[in-house]
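Protein chains in written order, with the numbering used here: chain A, 1 to 353; chain B, 354 to 438; chain C, 439 to 833.
Wrong hints could be hidden among the right ones.
What the hints assert, rightly or not - Heads up, simulated EDC-like pairs for lysine to aspartate or glutamate below, C-alpha to C-alpha not over 20 Å straight-line:
no., chain 1, residue 1, chain 2, residue 2
1, A, LYS101, C, ASP442
2, A, LYS184, C, GLU562
3, A, LYS179, C, ASP639
4, A, LYS248, C, GLU611
5, B, LYS411, C, GLU441
6, A, LYS185, C, GLU562
7, A, LYS341, C, GLU496
8, A, LYS157, C, ASP639
9, A, LYS69, A, GLU243
10, A, LYS341, C, GLU566
11, A, LYS101, C, GLU552
12, A, LYS154, C, GLU441
13, C, LYS640, A, GLU102
14, A, LYS157, C, GLU611
15, A, LYS92, B, GLU367
16, A, LYS41, B, GLU372
17, A, LYS154, C, ASP639
18, A, LYS179, C, ASP614
19, C, LYS609, A, ASP244
20, C, LYS536, A, ASP228
21, B, LYS411, A, ASP100
22, A, LYS154, C, GLU557
23, A, LYS54, B, GLU367
24, A, LYS185, C, GLU566
25, C, LYS536, A, GLU223
26, A, LYS101, B, GLU417
27, C, LYS609, A, GLU102
28, A, LYS92, B, GLU372
29, A, LYS101, C, GLU566
30, C, LYS640, B, ASP378
31, A, LYS179, C, ASP442
32, B, LYS438, A, GLU223
I should point out that these hints are in silico values taken from the structure, not numbers from a laboratory.
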Amino acid sequence: MSIYIQAAAQISSQEPLSDAWFTNPKRYTERHVRSIDPDYKDFISPIEARRMGKILKRALATSWTVVRKTGIEQPDAIITGTGLGCIENTEKFLSAMVRDKEMYLQPSFFMQSTHNTISSQIALHLKCNKYNSTYTQQGISFESGLFDTYLQFKLGKINTALVAGHDEMTPEYFILLDKINYWKKGKVNETILRKSDSIGSFAGESSSCFLLENKKTAQSICELKAVDLFFNPTQQRIKQAIEDMLLKNNLKINDIDIVMTGISGDCNNDCVYRENIFPLFSATPIAWYKHIFGESFTACGLGMYTAMLALQANKLPVDYLYNKISPIEGIKNILIYNHFKNKNHSLILLSSC
Amino acid sequence: MEALILELKKEIIEVLNLEELTPEDINEDAPLFVEGLGLDSIDALELIVLMEKNYGIKLNNAAEGRDIFKSVRIMAEYIAKNRTK
Amino acid sequence: MNEDIVVTGMGIITGLGYGKKQTLEALRLQHSGIGKINYLQTIHADYPVSEVKMSDNEMRNFLKIPSEKIITRTPLLGIMALNEAINEARFDKNEARKIAFINGTTVGGMEKSEQYYPEFINTEHYIENHDCGSSSEAIAEYFGNFDMITTISTACSSAANAIVLGANLLKTERVDVAIVGGTECLSKFHLNGFNTLMILDKAACRPFDATRTGLNLGEGAAYLVLEKASNAQQRNIKPLCKLSGYANTCDAYHQTASSPDGQGAYLAMQNALYESQLKPEDIDYINAHGTGTENNDLSEGTAIMRIFKDTIPPVSSTKPFTGHTTSAAGSVESIISILALQHDFIPANLNFNHPMPELSFQPVKENITKKLQHVLTNSFGFGGNDTTCIFSKIE
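All chains, full assembly: derive it from the sequences and hints.
Here's what the structure looks like:
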């Protein structure tokens, strides 16, 4: 049983619903970068859009894009990962509740604030009664949803799945996370992030959506070979997990052409990759993506998107290379490794098809 | 009454986020729900909050709103009779 | 992969009390946990709720959590329940087997965030605890020995969906044990949110009653320990029951209302029956979602009639006992269903007096003693996230 990514769409700091940015990504120096939004009229009627925050519009636009590309209108599973949920609406309801002392509150904001609004709205628009779930585990929220999908494919419960990762970063929440040192204090650029000598990264937003199927077609972009999650692993546990994953897929360490990491410029974050990945993959090109997209709880979805494009193009532009090793011709296998505060870790294995 | 109708239209546009509309676009005698503006049950709840917040009229349940929210004019007439603010 | 999934431990805390013993006693004596708001500071104090009758400090003392440790009420409730489950299943911190922790929650640390929002002056430490995932992490770290954790947030079906994921993790042999369930504390955010939707009742809720006008919120936490039958045997532990089947579907009708014909509920029950290889007439008791709102009870009642036709088993909602524990409801009510199964006892649907004219059945008014083999429990969340679980006695 094999799983293929048949279509994908993204809205982020890069050109929305497009892959043209891959060979020449936009660079930012701000600490808070908001996504570039497309025109949503193609996807959502004005009467519906009026109630929707950005995150919901992005979710519908990316979902409709992959559905239209593949013609799979009723996926067997719709699963979303989101770290903060619909935080814009949560804040609107919460701030009104605090300001107006629990009086005259508006139901729309509450209604659209729950995390599962995203998956539900997608199902509502597609009129899809099948499996529907929402995961929220901070920096591995996207991978949690992907993991559920992967298990269901393995069990033969589903043939198709729409899997997504969505997070928005409002100005207010940015300030809150700034208080607890999520962001660098001054301007940021690649040089500063590479130094990894201080805490914090920069804030981005992420919307990524993938349509998966267990059938290879002319559309198939690449293969999803494995997904796994770990909690508080020791270095030994992570090493073992990587080796087990490769072994189960008949691969050795040097079959991995690129390791796509969640290196972000935050010293506490990055040292974990140095300890767990660099020694194990000493001859392998190490790549990163958070310097392009910023840090968000579902940024790994964009990491997987980037890896997917690399497999499709058979090439990874230098923009995403972290160490000096240039990729060899022919990218067949990419291991994507992400972690959140060294507590929750994830592994995704993609291969060309 | 005309002033109240205009005020109500502006408030409806704001609270229901009907960004693309102006008061002139709303016919005060046209249905608000299903046809006409095509509002739904969540909009009804929003209008209930509006009634209490701006006019001091408290409805006890969503069903009470069904007759009052038939059109902007009917809403305005109800408000004129029952407002406490 | 075709081996039975069994339950070897359970832990629960709700307005009925702490632990299975207090829960069962309350059910037998028909003592509801619903009453006046005591701990939550809100202007809407006239809404009855089911609060856990322990303050945060009392729980911290019970669990021996040092005062410097920052932890909010949702994970505190979770740790209380997890404690009981782990003790019953006889795990300790040095357990070598791979264990997953799957937690359902929506509120997370909101009950603290809403107190300090937006400035969080001198309370920045609560910012980190706001999101749902941090609650799960706090619970997991108390026990300390989980190989993987994650959090599900599908509103009122969250804990039930944790059961679904746990079962799938066991079937794929990713872990040897899955501890699954949910936790949710009361918060102003939730109370006010439900209030704006006009689905709260100022009187005690009356599921499946023609005069019903809404739900009463509750808080609580509950976890089940799931493992394969062979694993339990290896560990020399007698299972409590088995998880025969489960299903997750989506109503796809409206963000907060269920469809008139209960399509999502119908599909959830149908698929769970199919997976358990059971027929409708095999079900001995339905623990309904039964919130007491006009919409849910009609929708769910209609779906029950569509599935069970002439063979509708006894139905009760236990939300008049525990309140609607939202993200924890799926596991709270699974444990109540399993207690029913173990003791051949069907808890009453309290406060019921007037049959709904639209339904061909009424819920049970009094406690019933009846031999039970298979019980079905429903959890339906906003957004149409519908999940059904079926538990059975082991022959």
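query = So which of the earlier hints does this model not fit?
reply = 1, 3, 5, 7, 8, 9, 17, 18, 22, 25, 26, 27, 29, 30, 31 and 32
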